[in-house]
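Peer 1: Chains as they are written, first to last, in UniProt numbering: chain A, 1 to 452; chain B, 1 to 452; chain C, 1 to 91; chain D, 1 to 91.
One thing to keep in mind: the hints can contain errors.
Below are the DSS-like pairs computed for lysine-lysine, each with C-alpha atoms no more than 25 Å apart in a straight line [stated by the list, open to error]:
hint: 1; chain 1: C; residue 1: K21; chain 2: B; residue 2: K450
hint: 2; chain 1: A; residue 1: K430; chain 2: A; residue 2: K444
hint: 3; chain 1: D; residue 1: K21; chain 2: C; residue 2: K21
hint: 4; chain 1: B; residue 1: K357; chain 2: A; residue 2: K19
Just so you know, the hints here were simulated from the structure itself, not pulled from any lab data.
All of these numbers come straight from a predicted model, not from anything done at the bench.
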Amino acid sequence: MTVQLVYLVAALCFILALKGLSTPRYARAGNLIGAFGMAIAVVTAYVHGAVHNGLLILVAMALGVVVGIPAARSVKMTAIPQMVALFNGVGGAAAALVALAEFLAVPTSSVLFRVATVLTVLIGSVSFSGSVVTFLKLQELMTSRPVVLPAGQVVSVGVAVVSVVLAVAVSVFPSGFLLVLLALAGLALGVLFVLPVGGADVPIAISLLNAFTGLAVAASGYVLANTLLIVAGTLVGASGTILTRLMAQAMGRPLTNILFGAFTAPALVAVAGEQRTVRSGTVEDVAILLGYAHSVVVVPGYGLAVAQAQHAARELVHLLETRGVSVSYGIHPVAGRMPGHMNVLLAEADVPYEQLKELDDINPGITSVDVALVVGANDVVNPGARDEPSSPIYGMPIFDVDRARAVVFMKRSMRPGFAGVDNTLLYNDKTTLLFGDAKDSLTKLLAALKQL
Amino acid sequence: MTVQLVYLVAALCFILALKGLSTPRYARAGNLIGAFGMAIAVVTAYVHGAVHNGLLILVAMALGVVVGIPAARSVKMTAIPQMVALFNGVGGAAAALVALAEFLAVPTSSVLFRVATVLTVLIGSVSFSGSVVTFLKLQELMTSRPVVLPAGQVVSVGVAVVSVVLAVAVSVFPSGFLLVLLALAGLALGVLFVLPVGGADVPIAISLLNAFTGLAVAASGYVLANTLLIVAGTLVGASGTILTRLMAQAMGRPLTNILFGAFTAPALVAVAGEQRTVRSGTVEDVAILLGYAHSVVVVPGYGLAVAQAQHAARELVHLLETRGVSVSYGIHPVAGRMPGHMNVLLAEADVPYEQLKELDDINPGITSVDVALVVGANDVVNPGARDEPSSPIYGMPIFDVDRARAVVFMKRSMRPGFAGVDNTLLYNDKTTLLFGDAKDSLTKLLAALKQL
Amino acid sequence: MIDLLTIFVLAVFVGFEVVSKVSTILHTPLMSGANAIHGVILVGAILITGNAESALELVLGLLAVFLATVNVVGGFVVTDRMLEMFKGHKR
Amino acid sequence: MIDLLTIFVLAVFVGFEVVSKVSTILHTPLMSGANAIHGVILVGAILITGNAESALELVLGLLAVFLATVNVVGGFVVTDRMLEMFKGHKR
Ligand SMILES: NC(=O)c1ccc[n+]([C@@H]2O[C@H](COP(=O)([O-])OP(=O)(O)OC[C@H]3O[C@@H](n4cnc5c(N)ncnc54)[C@H](OP(=O)(O)O)[C@@H]3O)[C@@H](O)[C@H]2O)c1
Ligand SMILES: NC(=O)c1ccc[n+]([C@@H]2O[C@H](COP(=O)([O-])OP(=O)(O)OC[C@H]3O[C@@H](n4cnc5c(N)ncnc54)[C@H](OP(=O)(O)O)[C@@H]3O)[C@@H](O)[C@H]2O)c1
Chain A
1 MTVQLVYLVA ALCFILALKG LSTPRYARAG NLIGAFGMAI AVVTAYVHGA VHNGLLILVA
61 MALGVVVGIP AARSVKMTAI PQMVALFNGV GGAAAALVAL AEFLAVPTSS VLFRVATVLT
121 VLIGSVSFSG SVVTFLKLQE LMTSRPVVLP AGQVVSVGVA VVSVVLAVAV SVFPSGFLLV
181 LLALAGLALG VLFVLPVGGA DVPIAISLLN AFTGLAVAAS GYVLANTLLI VAGTLVGASG
241 TILTRLMAQA MGRPLTNILF GAFTAPALVA VAGEQRTVRS GTVEDVAILL GYAHSVVVVP
301 GYGLAVAQAQ HAARELVHLL ETRGVSVSYG IHPVAGRMPG HMNVLLAEAD VPYEQLKELD
361 DINPGITSVD VALVVGANDV VNPGARDEPS SPIYGMPIFD VDRARAVVFM KRSMRPGFAG
421 VDNTLLYNDK TTLLFGDAKD SLTKLLAALK QL
Chain B
1 MTVQLVYLVA ALCFILALKG LSTPRYARAG NLIGAFGMAI AVVTAYVHGA VHNGLLILVA
61 MALGVVVGIP AARSVKMTAI PQMVALFNGV GGAAAALVAL AEFLAVPTSS VLFRVATVLT
121 VLIGSVSFSG SVVTFLKLQE LMTSRPVVLP AGQVVSVGVA VVSVVLAVAV SVFPSGFLLV
181 LLALAGLALG VLFVLPVGGA DVPIAISLLN AFTGLAVAAS GYVLANTLLI VAGTLVGASG
241 TILTRLMAQA MGRPLTNILF GAFTAPALVA VAGEQRTVRS GTVEDVAILL GYAHSVVVVP
301 GYGLAVAQAQ HAARELVHLL ETRGVSVSYG IHPVAGRMPG HMNVLLAEAD VPYEQLKELD
361 DINPGITSVD VALVVGANDV VNPGARDEPS SPIYGMPIFD VDRARAVVFM KRSMRPGFAG
421 VDNTLLYNDK TTLLFGDAKD SLTKLLAALK QL
Chain C
1 MIDLLTIFVL AVFVGFEVVS KVSTILHTPL MSGANAIHGV ILVGAILITG NAESALELVL
61 GLLAVFLATV NVVGGFVVTD RMLEMFKGHK R
Chain D
1 MIDLLTIFVL AVFVGFEVVS KVSTILHTPL MSGANAIHGV ILVGAILITG NAESALELVL
61 GLLAVFLATV NVVGGFVVTD RMLEMFKGHK R
């Protein structure tokens, strides 16, 4: 009874944590409340439930702490997505293992119990292997482009069918062997699910896998008849689902297209742009343009994150401000590697929160902006998304920097952005291109500005 | 098992009903879904649970239908609050009776069960008697002014203490007699709670009693170990609490002040205004003022509801529009007898939804309004709420009609509005007063306008 | 028992969250709609009466059934009437 | 059983409602915060391991405890790090 009460309090803490995390003001407090709930639940489980093997459990937990804390402490802010993916994967694996162990202990219980077991094992392993692949992709240990295996769709459907058959089989005849097979099928399914998802869409896949792990935990709650696991898992499952949908909406694309787009989309070939002329400037040109402007908007993107140029950008903005230029950052919801990622990166570089402006803050006044400085962004300023219904990214809200007085692009080449769509703004008369790695360019620009 | 599933579906319907009712678009569908959930739950309870007395139960339900439907069908829209109060009261009484009957059947169960029983009986009876008193007040079968009994506060506290003692006693020694005493104490408490609440605050009290009945139903769910009652009752309890708070916020006053204000507030005496001059106009003056205006804002209030002048107002507006005057209604959130009440009344009079404007729609453009026609409203246009920190209604958002070019007040006398605060706008040079019942005045005004 | 408590806590959150952003326009229908929902006590009243063993229980139960029915039927009908009026005027 | 299902349904609503209006700024921390919460599987892992009777169960259980601990600890710490950065910059 008291144990159950503690679990209830922990569940309450988790709800409050999610509530807090959805409002900037209480986000940090929310996270701490969540951690508190977790702490009391774990201590209670240990005190009350670790009848045997108490010491071994402690050792395993200590090992987990030794691995988890330094990893979480040292990870670079640009690498957050892959870290989240890993943590998610191990959570899924843990859920699958718990269900497996419980099944080995009491294989002969009711059908409902077996269904819950099967769900936990299957979803947990999908989540684990899928997360590992997203990790590999984001860490660039493998290509981040969509990987479409030969006959990939057929293989995927085949494995899915096998999984369902195994799942039904285990629910009917309890068999440890079949359950292990099911786990293997789940692992394969997770890999097949994530392979065709391309680089910048990976965060969406992570979010979905996060929701999956939540569901696996909830199902394991049925297996163990533990209300806390049910409530917490379901909360994460539901909120993860909604979050995934919100992200897809912020990108202006349906979820199915994001996840299965690689199978169906005609391979996008960027229209070769070499025929058209572009104006490439020197660092000095751009320094003059910026140094004598009245108002500047900086639009950072994926490239800034890759180049880790956030600190250089902050310094540049600071220098401009001391020269009396009014500067703000235009933060697109899906700029970067993860929704909201730019905010985190710039916050890390100590950029005051108030300088970060959203689409609706920037666009209405954009015509009176002297220079829009686009640092490693591309799709989020592509006028095609606004004007060309045939464009694959048509409908995604963009920063209307083509309506500013001048545009400076910092990128390394004429290659298109993530969506693989050519950007006409690169060929616009207003536009000056400054080729090179974003961090290099910004550093040089800083030096040049100081000379002015 | 199947019975429980039906109850779960019903609970789901209730959640969806509440969700629907919070968005104008799905409100009606939501209500129907709620009714559907109720229907399946009741049928299931009858089929499965009416082991004996099936026919008698049917008769009782038929009687309920015979009473309830005609009442709900025929009630005037101005009388909605008292109707809701009555329905709420009978619900609370039913919950108390259920708990009482269950207690008589099995008095010797656990303490937790008895605590739930005691809560149901107490809250249910408070809700019943309180609702009856609000009904009497709103129906004007008794004074709608706050009634402060001699030593009222002492008596209330005394009855509350007795109730708590009885509640604890019954929880410890199961005694039907004490439980009946507790029910009586609850009835007294309900009366004492509502008596000091004044006319226009009564809706808040109803909303709170609504939440109470929800809690009583939830508690009765514990008594009967019925999840549906717990979920539905709690939903109503929680949403009723939030709704009560939202209403109090819309009035710009803390809840405690609304409920217990009569005990603590210095009796407000309207500053006698006879020394100051007011300009009272004839119907013809006002007709000319309105007929040749470009833009008019009509601000209806409590008085319009009392006078049932909504149809006359609609006709007037229509006539003005055919003369080319642009007219909109300014609907204050707490105008009328109930929050949102004006919307219902005007919707009944077939006023197009789009003409109903809120504070934020009207106030920014108010300076270019030629005439603000205030029909039976007072507090919601009192500039004191905006300008005089010492005013009891300071902080309530108002329509800034004093900034319009001219103001016409339709009321019967110089008496202040509900809050008992004098309104300086009545003495303003811009203001023309048209004394008389709102419906009469509007009808005469219509006739005069047709002569123009 | 603890499950019922969990259900209670979760239902509190659902109620709070669902209603917390509603606009004042809908306060009246929402109040009366919620009012109709607590008429679900009718289910309890039927169960009690259906198993009543003494005359007193029966009388109390039948009274509860009657009152709860009034609450349910009246609540839903009056809410529907209000909302019907709203509906005609929207795009 | 049905109680657990009710709890599930209610928790779904709570999750949906609580998260449905969050701004994109907070998507990343919210994702990683939710991630930490599903590490509650640690509770299950402890219970399983604490009652393990065969060596296989014990090994599986301990592995689960280790992995779940990584999830919990890492998740909360990384979320806190992110939010700490946000915090310094607001009024
Ligand atoms: N944030 C999310 O959650 C999320 C999730 C899924 C999908 N997406 C998608 O990701 C895209 C994000 O748009 P975005 O404008 O931020 O990025 P983008 O359109 O992918 O463009 C990034 C640009 O940065 C340049 N770049 C790369 N590395 C660089 C470096 N080291 N230095 C300088 N420039 C570099 C690239 O050009 P070069 O190669 O020529 O240098 C590229 O044009 C959108 O299509 C969005 O839908 C985002
Ligand atoms: N709506 C809600 O939910 C709610 C809830 C609680 C409290 N309140 C409070 O109620 C007040 C509502 O403000 P309000 O401006 O609508 O009303 P009000 O300030 O109470 O004023 C109503 C006016 O109507 C006049 N009147 C009454 N009967 C009339 C008739 N038959 N014909 C013409 N005029 C008539 C009265 O003056 P005469 O007597 O001189 O005619 C009175 O000045 C606010 O103080 C608000 O805080 C509202």
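Peer 1: Does each hint fit the structure? Answer for all of them.
Peer 2: Outcome of the hint check:
1. In summary, the hint linking K21 of chain C to K450 of chain B is not supported, as the alpha carbons are separated by about 44 Å, beyond the 25 Å threshold.
2. A threshold of 25 Å between alpha carbons decides the hint, and for K430 of chain A with K444 of chain A the separation of about 22 Å falls inside it, so the pair holds.
3. For the suggested pair K21 of chain D and K21 of chain C, the alpha carbons sit about 11 Å apart, so the restraint of at most 25 Å is met.
4. Note on K357 of chain B and K19 of chain A: the hinted pairing is violated, with a Cα-Cα distance of about 32 Å set against a maximum of 25 Å.
In summary, the numbered hints that this structure violates are 1 and 4.
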